[in-house]
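Asks: Which chain is which? The protein sequence lines are Y and F, in order. First residue of the first sequence: 1, per the working numbering; consecutive thereafter. First residue of the second sequence: 1, per the working numbering; consecutive thereafter.
Among the hints, erroneous ones may be present.
[Unchecked claim] Selected chain Y positions facing chain F (Cβ under 8 Å, derived; list incomplete): (1) Leu-10; (2) Gly-11; (3) Val-23; (4) Ser-26; (5) Gly-32; (6) Pro-34; (7) Leu-151.
[To be verified] Listing some non-contacts, in silico: residues in chain Y with all C-beta distances to chain F over 12 Å: (8) Ala-48; (9) Leu-128; (10) Gly-137; (11) Pro-169; (12) Gly-218.
[Stated by the list, open to error] Distance ranges between label pairs, derived from CB positions: (13) Val-157(Y) x Leu-60(F): 22 to 30 Å; (14) Leu-60(F) x Ser-36(Y): 54 to 62 Å; (15) Leu-42(F) x Gly-71(Y): 53 to 61 Å; (16) Asp-204(Y) x Arg-289(F): 19 to 27 Å; (17) Arg-215(Y) x Gly-120(F): 49 to 57 Å; (18) Leu-98(F) x Gln-86(Y): 37 to 45 Å.
Derived by calculation from the structure, the hints in this document are not laboratory data. Remember, it's a predicted structure, so these values are computed and weren't measured experimentally. We put the CB at the ideal spot given by N, CA and C, even for glycine.
Each chain is listed here by its residues.
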Amino acid sequence: MTRYLVGRTLGLLAVLLVTSLVVFGSIHLAPGDPVSFLLHGRPATPEAVAALRSQYHLDDPLPVQYAKWLGAFLQGDFGSSAQFHQDVSTLIGSRLPGTALLVGYAALLVALIGVTAGILAALRPGPLDRAVLLGSGVATATPSFVTAIALVSLFSVRLGWFPGPGGTPVGFSEQLYHLTLPAFALALTFAGLLARVTRSAMLDELGREHVEVARARGVPGRTVVRRHVLRNALGPVVTVGGTMLAGLLISTSIVETAFDVPGLGSLLVQSVTAKDFAVVQAITLLSVGAFVLVNLAVDLLAPLIDPRLSLHGEGPS
Amino acid sequence: MTTTAPPESTVLRRRPGLRPLRLLAQGPLFTASVAVLALLVLIAVLAPVIAPYDPEALDLTASLAGTTGEHLLGTDQSGRDVLSRLMYGARTGLLGPLLVVGVSTLLGTLLGVVAAWRGGWADSVLSRSMDMVFAVPGLLLAILLVSVVGPGMTAPVIAMAVAYTPYVGRLVRGIARQEKARPYIESYRVQGWSGWNVCLRHLLPNIAATVFAQSAMNFGYALMDLAALSYLGFGVQPPTADWGAMINEGQSAVQQGAMLPALAPSACIVLAVVAFGIVGEGLADRIARRKR
Numbered sequence: 001m002t003r004y005l006v007g008r009t010l011g012l013l014a015v016l017l018v019t020s021l022v023v024f025g026s027i028h029l030a031p032g033d034p035v036s037f038l039l040h041g042r043p044a045t046p047e048a049v050a051a052l053r054s055q056y057h058l059d060d061p062l063p064v065q066y067a068k069w070l071g072a073f074l075q076g077d078f079g080s081s082a083q084f085h086q087d088v089s090t091l092i093g094s095r096l097p098g099t100a101l102l103v104g105y106a107a108l109l110v111a112l113i114g115v116t117a118g119i120l121a122a123l124r125p126g127p128l129d130r131a132v133l134l135g136s137g138v139a140t141a142t143p144s145f146v147t148a149i150a151l152v153s154l155f156s157v158r159l160g161w162f163p164g165p166g167g168t169p170v171g172f173s174e175q176l177y178h179l180t181l182p183a184f185a186l187a188l189t190f191a192g193l194l195a196r197v198t199r200s201a202m203l204d205e206l207g208r209e210h211v212e213v214a215r216a217r218g219v220p221g222r223t224v225v226r227r228h229v230l231r232n233a234l235g236p237v238v239t240v241g242g243t244m245l246a247g248l249l250i251s252t253s254i255v256e257t258a259f260d261v262p263g264l265g266s267l268l269v270q271s272v273t274a275k276d277f278a279v280v281q282a283i284t285l286l287s288v289g290a291f292v293l294v295n296l297a298v299d300l301l302a303p304l305i306d307p308r309l310s311l312h313g314e315g316p317s
Numbered sequence: 001m002t003t004t005a006p007p008e009s010t011v012l013r014r015r016p017g018l019r020p021l022r023l024l025a026q027g028p029l030f031t032a033s034v035a036v037l038a039l040l041v042l043i044a045v046l047a048p049v050i051a052p053y054d055p056e057a058l059d060l061t062a063s064l065a066g067t068t069g070e071h072l073l074g075t076d077q078s079g080r081d082v083l084s085r086l087m088y089g090a091r092t093g094l095l096g097p098l099l100v101v102g103v104s105t106l107l108g109t110l111l112g113v114v115a116a117w118r119g120g121w122a123d124s125v126l127s128r129s130m131d132m133v134f135a136v137p138g139l140l141l142a143i144l145l146v147s148v149v150g151p152g153m154t155a156p157v158i159a160m161a162v163a164y165t166p167y168v169g170r171l172v173r174g175i176a177r178q179e180k181a182r183p184y185i186e187s188y189r190v191q192g193w194s195g196w197n198v199c200l201r202h203l204l205p206n207i208a209a210t211v212f213a214q215s216a217m218n219f220g221y222a223l224m225d226l227a228a229l230s231y232l233g234f235g236v237q238p239p240t241a242d243w244g245a246m247i248n249e250g251q252s253a254v255q256q257g258a259m260l261p262a263l264a265p266s267a268c269i270v271l272a273v274v275a276f277g278i279v280g281e282g283l284a285d286r287i288a289r290r291k292r
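From just these sequences and the hints, can you work out the full model?
Replies: In structure tokens:
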């Protein structure tokens with residue numbers, strides 16, 4: 001187990017190191033001189049050029065540039081944004097709460113819809129099971145921006161229940177109201193997947209001997225399901241659900257753009273379009289970091305949630 | 001060894017074996033999906049012949065015209081015929097994933113077979129490198145590359161080809177190792193065949209079917225990813241007809257009550273992704289049954 005832990009952590013560090021090299025190196029991969037790439041048509045005043053040269057330490061040799069850039073990055077100094085004229089770290093700080101709320105909301109929906117549908121499908125074979133299978137199959141094949149368009153056209157334009165893209169909600173409850181459609185758009189694909197996982201985990205457990213024994217002893221059906229089936233099925237559901245959190249984070253760039261939500265994802269897309277490279281670098285590297293960390297955390301927590309994983313040796317591989 | 005399904009934004013990369021469309025991949029649905037794909041390819045090839053209008057011809061007098069006899073699926077904001085744009089959109093919609101799947105299948109097969117055949121340190125190095133690419137979401141890689149080289153098909157296709165290579169590589173490494181352990185490989189070696197020859201003539205043909213099934217599934221997911229990038233404005237550039245870009249252009253009209261310019265390409269994307277998924281799963285199941 002310790003070996004596994006060390007190995008996984010080293011692997012994580014290696015991924016982050018290589019990613020940071022790629023993110024750093026991309027300004028040198030770009031065609032032309034780094035300064036003109038970073039300026040991207042903005043006026044090349046001597047001050048602007050000097051500021052960029054010092055921000056990226058362009059007068060130093062490459063390894064020194066990288067070391068200085070990474071050092072500053074690790075201390076939370078991500079440079080300054082060309083389009084907003086403020087520190088990237090401040091900018092990210094102001095956009096983070098919106099994204100966090102959206103991801104949290106969506107994660108809640110994924111857990112509620114996915115697990116409920118999965119349990120129902122496993123317990124009620126027949127038409128309901130078929131419906132869940134078909135629905136989750138289509139949901140997993142539907143990209144979030146398609147869901148977004150469908151939701152807006154039905155619930156915002158046709159029925160008028162929820163606000164469309166844009167708008168500036170005031171207060172927490174109004175913000176939640178505005179985030180409802182985006183959260184559903186973000187959640188649907190993942191809920192479909194989680195329903196599948198829950199269903200198959202439940203079916204696996206339902207077919208086990210101890211469940212049959214409990215039934216034969218006359219334990220009421222509900223108790224059997226709650227105590228002996230659901231509890232054991234929860235392991236895979238939690239691990240897959242955890243990795244989905246990382247996926248939700250990445251998909252926010254699409255959903256936030258579709259609904260004009262001011263968050264990190266839409267900031268990333270905006271900054272690519274506006275050639276605001278410092279912001280692109282910071283968000284890319286932070287997102288990869290978050291993505292890798294969440295996945296590592298899930299892998300490490302899985303045996304704790306379901307001790308059978310470490311007994312069977314299925315967890316670490 | 002089963003095939004693995006990489007869904008949008010790569011969540012379940014580390015959970016192979018989860019195959020959302022698997023249980024639908026039997027009987028009439030499989031046949032229907034094959035028919036849908038054949039039809040899509042036919043439309044893409046024949047688009048210049050069968051499209052009723054030039055997909056880029058502006059007609060501002062017919063902006064957002066509903067479904068009429070002249071325009072079966074209506075027109076978009078610039079008065080372009082939606083049906084014609086859908087037909088031409090099938091071309092970019094299929095060409096991008098074809099490149100992604102082609103490159104990633106070739107590269108992944110090469111890396112996977114070399115890793116399995118050589119074993120030892122070559123295997124460790126290749127497997128570790130593939131794990132590393134695996135750990136980075138393809139969508140982010142594509143966005144970073146677009147920010148460097150600018151929007152267009154090039155950056156998304158390259159990034160996605162890189163991101164999909166480890167899916168193929170891992171699968172191929174696994175089944176190639178199983179094949180390698182079988183007695184027929186050893187008997188060829190004893191007869192004096194060179195390693196390359198055995199790999200090319202005997203090992204590859206035996207794993208090809210499984211790799212093909214995986215590629216069919218990857219095709220659908222690559223289509224979804226590339227459409228997402230075009231939707232964000234990073235992929236196919238206007239005025240070229242593309243399903244993802246059409247949804248982007250059509251979304252403001254949705255708020256004015258004109259749904260078709262955005263919903264029609266949405267339906268096409270979902271239909272294509274479902275069809276590719278079902279065909280891939282169906283093929284994988286058939287291969288598994290034949291091997292037993």
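Asks: Where does the structure disagree with the numbered hints, that is, which hint numbers, in rising order?
Replies: Of the numbered hints, 1, 5, 6, 7, 10, 14 do not hold.
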